[in-house]
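Student: What follows is each chain in one-letter form.
There are 2 protein chains.
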Amino acid sequence: MAPRDTRSRILSAATPLFAKHGLNGVSIRDLASAAGVNMAMISYHFGGKKELYAEILKRQFEGFRYIDAIAASDLPPLEKFEQYIRGTIRRYRENPYLLRYYVSELSNPTPCFRMIVRPAVHKVLKVLRDAIEQGISRNHLRKTLNPADGVLALAGMINFYFLVAPATKGFVADHRQRDEELVRHFMDIVKAGFVRNNRPKNKGAARS
Amino acid sequence: MAPRDTRSRILSAATPLFAKHGLNGVSIRDLASAAGVNMAMISYHFGGKKELYAEILKRQFEGFRYIDAIAASDLPPLEKFEQYIRGTIRRYRENPYLLRYYVSELSNPTPCFRMIVRPAVHKVLKVLRDAIEQGISRNHLRKTLNPADGVLALAGMINFYFLVAPATKGFVADHRQRDEELVRHFMDIVKAGFVRNNRPKNKGAARS
Chain A
1 MAPRDTRSRI LSAATPLFAK HGLNGVSIRD LASAAGVNMA MISYHFGGKK
51 ELYAEILKRQ FEGFRYIDAI AASDLPPLEK FEQYIRGTIR RYRENPYLLR
101 YYVSELSNPT PCFRMIVRPA VHKVLKVLRD AIEQGISRNH LRKTLNPADG
151 VLALAGMINF YFLVAPATKG FVADHRQRDE ELVRHFMDIV KAGFVRNNRP
201 KNKGAARS
Chain B
209 MAPRDTRSRI LSAATPLFAK HGLNGVSIRD LASAAGVNMA MISYHFGGKK
259 ELYAEILKRQ FEGFRYIDAI AASDLPPLEK FEQYIRGTIR RYRENPYLLR
309 YYVSELSNPT PCFRMIVRPA VHKVLKVLRD AIEQGISRNH LRKTLNPADG
359 VLALAGMINF YFLVAPATKG FVADHRQRDE ELVRHFMDIV KAGFVRNNRP
409 KNKGAARS
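These protein sequence lines map, in sequence, to chains A and B. Quick note on the working numbering: the first sequence kicks off at 1 and runs consecutively. Quick note on the working numbering: the second sequence kicks off at 209 and runs consecutively.
Heads up, some of the hints might be wrong.
To be verified - Taking lysine to aspartate or glutamate pairs in the DMTMM-like style, the calculated list, with each CA pair at most 20 Å apart, reads:
hint, chain 1, residue 1, chain 2, residue 2
1, A, K143, B, D396
2, B, K399, A, D174
3, B, K258, B, D276
4, B, K228, B, E302
5, A, K191, B, D396
6, B, K351, A, E133
7, A, K58, A, D74
8, A, K126, B, E341
9, B, K334, A, D174
10, B, K331, B, E341
For the record, the hints were derived by calculation from the structure and aren't laboratory data.
With the hints as extra help, turn the sequences into a complete structure.
Tutor: This is how it looks when you write it as structure tokens:
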């Protein structure tokens with residue numbers, strides 16, 4: 001087997017194993033056996049179990065990269081939020097293991113949490129907070145909106161939707177065909193909840 | 209040691225262990241050693257490891273009981289949502305292990321998921337959905353609000369807030385002193401996002 005094949009076989013076999021059992025719940029022996037390779041190959045290709053886990057986590061968190069495009073864009077805040085919701089849906093739909101790694105690192109952090117997870121989360125929160133602050137300063141969003149809590153509300157809606165999905169069967173239809181409807185429903189709440197409330201013009205006129 | 213003391217010692221020692229390592233990551237030996245009891249005492253008092261885990265999970269999910277009071281109350285929908293947010297905050301503040309059990313059952317379900325977790329989640333979702341539907345039918349909430357997705361948005365905000373807390377240090381101040389402010393910020397979003405949009409009266413009058 002070519003070295004590159006061995007390497008990718010180990011990565012493919014290890015990804016679902018670590019997702020299910022966590023870093024400490026999987027041994028080098030389990031990994032080698034699942035990949036059908038000699039145990040020494042894991043050290044040879046990755047340096048060890050922890051380094052293999054770190055490599056997988058890094059690849060999983062590449063799913064957070066859509067935030068860079070949002071940050072670099074000139075879109076108005078509400079469109080950035082919509083891109084964010086859509087990107088988050090795609091992130092989970094395209095990668096069935098990401099949520100488990102994310103949640104496991106949040107509730108039982110490994111040394112990778114500080115190096116990979118927290119910086120990725122911070123970047124998302126910062127980009128969205130900047131968008132809210134810009135929207136407030138340009139008078140598009142209501143001045144009373146708290147930027148940080150607004151971001152956490154927005155991120156909470158869409159992330160929790162996927163986390164709680166195993167328990168919502170029979171309550172909502174969770175499938176790709178409904179994703180655009182979900183985006184619309186959440187954006188309706190975000191729009192009304194974030195946007196500056198335009199009072200009836202008469203009232204303002206009467207006062208001035 | 210009196211049997212009742214042994215029983216509660218096992219429960220106290222097992223709760224953080226299962227929270228950290230999950231059902232499969234903890235052995236009877238680990239449990240007995242942490243509790244300072246003979247391994248046979250675990251079978252004697254609980255029947256076995258799985259039954260002990262089920263007993264702990266049941267106790268953890270008693271933290272969801274505040275939903276019964278909300279369901280039984282005559283409060284208008286928005287006040288029910290506020291009670292729900294406040295009750296959820298209390299649920300996590302008072303029980304440092306609940307979130308880990310909850311998240312672990314969602315991402316790596318044990319047989320308890322069907323018996324304890326899903327029914328508890330379903331009850332919360334149903335009570336909140338009923339409140340939204342009632343609010344829509346009484347013309348307090350906007351007719352275009354999707355009840356199920358509205359509930360998931362509401363539950364998502366407050367649950368994700370606690371889940372992601374380890375990654376939000378330096379972004380928001382997460383402590384009890386700020387909880388009332390958080391309730392207000394989230395309720396501002398919920399109110400504006402859920403409530404029927406009152407159009408300027410003139411417009412309506414001109415049309416009729």
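Student: Enumerate the violated hints, using their earlier numbering and listing them in ascending order.
Tutor: 2, 3, 6, 7 and 8
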